[in-house]
Amino acid sequence: FYYVNNSLDYSNIKAHAIVRALQNITQQYKVTILIDGFLSKKEERIISRVLHKSEIRFRKIRGLKMNDCFMRLADALAGFLRDHIEEQDYTEEIYGRLIRTGFLIE
1 FYYVNNSLDY SNIKAHAIVR ALQNITQQYK VTILIDGFLS KKEERIISRV
51 LHKSEIRFRK IRGLKMNDCF MRLADALAGF LRDHIEEQDY TEEIYGRLIR
101 TGFLIE
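FYI, this note's numbering numbers position 35 of the sequence shown as 35, with every residue one higher than the one before it.
If you are wondering where the hints come from, they were derived from the structure by calculation, not from laboratory data. Some hints could be false.
Claimed, not checked - List time: in silico BS3-like cross-link candidates among lysine-lysine, alpha-carbon distance up to 30 Å:
1. 42 x 14
2. 53 x 41
3. 30 x 53
4. 65 x 42
5. 60 x 42
6. 41 x 60
7. 30 x 14
8. 41 x 65
9. 30 x 60
10. 41 x 30
11. 14 x 60
12. 53 x 42
13. 14 x 41
14. 53 x 14
15. 65 x 53
16. 65 x 30
17. 14 x 65
18. 42 x 30
Unchecked claim - Computed Cβ-Cβ distance ranges for the label pairs, DEER-style:
19. 62 x 20: 18 to 28 Å
20. 103 x 63: 21 to 31 Å
21. 17 x 83: 12 to 22 Å
22. 65 x 85: 19 to 29 Å
23. 72 x 31: 19 to 29 Å
24. 12 x 74: 16 to 26 Å
25. 78 x 101: 17 to 27 Å
26. 90 x 48: 32 to 42 Å
All of these numbers come straight from a predicted model, not from anything done at the bench. All C-beta atoms in this analysis are idealised placements derived from N, C-alpha and C, irrespective of residue type, glycine included.
Could you put together the complete structure from these sequences and hints?
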């Protein structure tokens with residue numbers, strides 16, 4: 001996951017989070033990137049530019065609505081991570097287990 005504090009440059013934040021998530025892949029790949037919510041053409045161009053500069057190979061970038069089951073899962077995980085950053089007690093054990101098993105990478 002990728003945590004940013006006090007920034008409103010959402011397009012660049014999204015792009016850099018994607019780069020961090022994909023930069024350590026060593027085998028050949030080409031991904032379709034799905035982002036929660038509506039993506040304007042401008043936002044899509046900004047993200048695409050950052051990904052190209054970082055040599056991330058992708059087929060397309062697409063915004064999805066919350067009615068997609070994977071977007072709901074990603075949103076729930078993001079909410080859990082926000083709770084962990086805010087030091088909610090219930091997250092400690094679960095967070096540790098997710099890191100140890102490799103499900104989450106900081």
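Exercise for review: Enumerate the violated hints, using their earlier numbering and listing them in ascending order.
Suggested key: none
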